[in-house]
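For reference, the chains in residue letters:
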Amino acid sequence: MYSLDKILRPDQGAPVPVIAVDPAWAQRTLATVQCGFPSPAEDHAMERVDLNKVLIKHPQATFLMRVRGDSMREAGIDDGDVVLVDRAIKAAHGHVVVAVVDGEFTVKRLWQRGSNVKLQPANPTYSDILPRDGQTLEVWGVVTTAIKAMRV
Amino acid sequence: MSAGPNAGANPRAPTLARVDGNNFYVSCERVFRPSLVGRPVVVLSNNDGCAIARSNEAKALGIRMGQPWFQCQEMVQQHGLVALSANFALYGDMSDRMMTVAESFAPRQEVYSIDESFLDFDGVQGDLTQRCRTMREQILAWLGIPCCVGLGPTKTLAKLANHIAKTAERKPGSYSPELAQVCHLGALGTNELHALFEATAVGEVWGVGPRIGAKLIDGGITTVLDLVRMDAATVRRHFSVVLEKTVRELQGVPCIELDDEPAPKQQIMCSRSFGEAVTRGRDLAEALTEFTSRAAVKLRAQQGAAGAVHVFIRTSPFRKDDPQYANSVTVPLVQPTADTASLVHSALRGLRQIYRPGFRYAKAGVMLVDLQPQEVAQAAFDFDGPALGASRTSSEPKAADRVKLMTAFDAVNQRFGRGSLQLAGAGGVNKKKGWGMRQERRTPCYTTSWAELPIARA
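Those protein sequences? They're chains A and B, same order as listed.
According to this note's numbering, the first sequence holds residues 1 to 152 in order.
According to this note's numbering, the second sequence holds residues 1 to 458 in order.
Some hints could be false.
Derived lysine-lysine pairs resembling PhoX-like cross-links, with alpha carbons at most 25 Å apart [to be verified]: (1) K148/A - K57/A; (2) K171/B - K57/A; (3) K215/B - K53/A; (4) K148/A - K53/A; (5) K57/A - K90/A.
FYI, nobody ran anything at the bench for these hints, they're computed from the structure.
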């Protein structure tokens with residue numbers, strides 16, 4: 001299994017602008033990581049890099065969502081981006097998650113210390129979302145990747 | 001400790017599990033519309049005709065399966081009832097996800113319908129109840145779909161266990177709470193098992209329809225225990241070979257093969273694991289053509305027409321060294337039909353969409369969904385000849401099947417040879433009733449259309 005983690009998140013933990021991957025570049029890079037200098041004998045074993053394989057670890061548990069709004073701008077997630085949401089990953093402090101707030105999906109960073117939980121935007125003009133009394137915060141899935149289309 | 005003559009007694013008997021999604025269509029809708037959780041929800045058949053799935057809250061309002069929508073409409077105002085048009089693209093995709101997760105827990109799986117499958121745990125060591133609880137948790141966490149699992153040494157017992165698991169969850173007090181969600185009849189002692197049988201009405205047994213049920217009750221057979229205690233030969237004499245099989249299955253003797261299973265009402269499934277891996281698209285097409293033809297025969301036997309064809313293909317998760325691929329697609333028909341050629345055509349169109357070369361396919365299947373009664377004005381039926389409409393008693397289906405198969409193979413040749421325009425038109429000669437038009441309350445195709453992805457606010 002390839003991992004794009006290093007490429008997509010050179011600095012784990014801190015908000016990182018997400019890189020849109022040029023497939024050709026990814027293929028070169030990953031081919032190098034995988035094989036060093038491939039010998040002609042191995043050519044037949046080479047398969048074109050498949051973004052589905054690279055980006056989706058749990059196909060049955062992964063769903064795509066369209067982002068609307070700019071509250072996650074500083075985490076590199078903008079209005080119109082598509083995010084990959086993996087429900088097989090257990091949400092932890094610091095993960096960007098999709099949570100259910102008032103029956104709607106919202107993308108925020110999960111802040112969790114002991115039994116204290118809140119949802120943090122990545123944009124200073126928004127405020128934290130705290131569960132109201134008696135409410136539990138429902139995390140729907142963990143965002144693993146954001147796909148951003150460039151203007152071409 | 002369970003050395004009696006019944007179900008759980010035989011340690012050498014296989015263990016089968018029956019897995020199905022609770023109120024599956026409603027559960028699929030709720031995954032993407034969390035605001036529907038806790039509210040009464042029904043999913044309506046094509047043309048928004050009648051209820052084909054109900055949430056527990058809707059069941060509590062007294063809405064029956066198949067109840068016409070116009071009879072429920074006032075509950076929208078009174079009780080906040082939400083009605084949705086069936087979204088088969090969504091259900092098909094969620095089904096495929098659920099089936100592939102379940103499949104990874106057992107060496108063998110038979111997909112029975114859009115939300116039901118049997119797992120065969122032959123050769124699997126360890127606590128199967130725990131294994132199934134883990135599977136249930138994984139399906140719930142990964143997909144958001146709640147399931148119930150019933151285990152037992154035969155299909156009939158696994159199905160009964162599934163009923164108990166569901167009822168124990170939905171109606172607290174009906175059965176012991178430990179049996180909720182996952183119920184393993186094979187793990188119970190004879191006394192416990194018989195107490196359960198006694199607490200369960202005979203009509204809940206798979207294969208006991210309302211007519212036979214009434215006859216049994218007339219004869220004083222009211223509980224499952226009464227039925228289990230009947231002598232198989234007597235059952236055969238007074239009822240039928242089919243009911244005899246049911247009784248033997250309840251007694252723990254496996255005798256129901258896949259093809260003997262009563263067809264489910266809402267979808268018709270035909271799938272198979274290949275003996276040897278299949279790699280060529282042409283071979284897959286051939287297999288899917290046969291599956292579709294067989295499903296079409298069943299469809300006509302119940303006087304139905306299908307509104308969509310769901311197709312899936314997958315590699316084997318147990319051949320770890322093989323590159324893995326699994327995909328499915330739901331192809332809507334322009335007009336609901338029971339015509340083999342149209343159904344095959346749609347199935348193969350679906351196959352072309354999802355087939356990828358370079359994989360060793362282990363399994364493929366076809367499911368006819370969005371079933372409805374045949375309309376009088378149904379076109380393109382003639383090729384069935386006299387077999388159609390005749391009661392299916394004698395051996396007459398054989399010849400008819402061959403005709404259907406031939407027709408189907410013609411369709412493949414046309415499809416893959418010249419690309420056949422006639423067939424494409426065959427489904428929709430008269431009415432131009434679009435798929436979308438019939439579904440005013442359909443939710444978006446959240447998982448199958450780029451344009452309809454769920455929205456996450458940021």
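Can you give the numbers of the hints that this structure goes against, from lowest to highest? 2, 3
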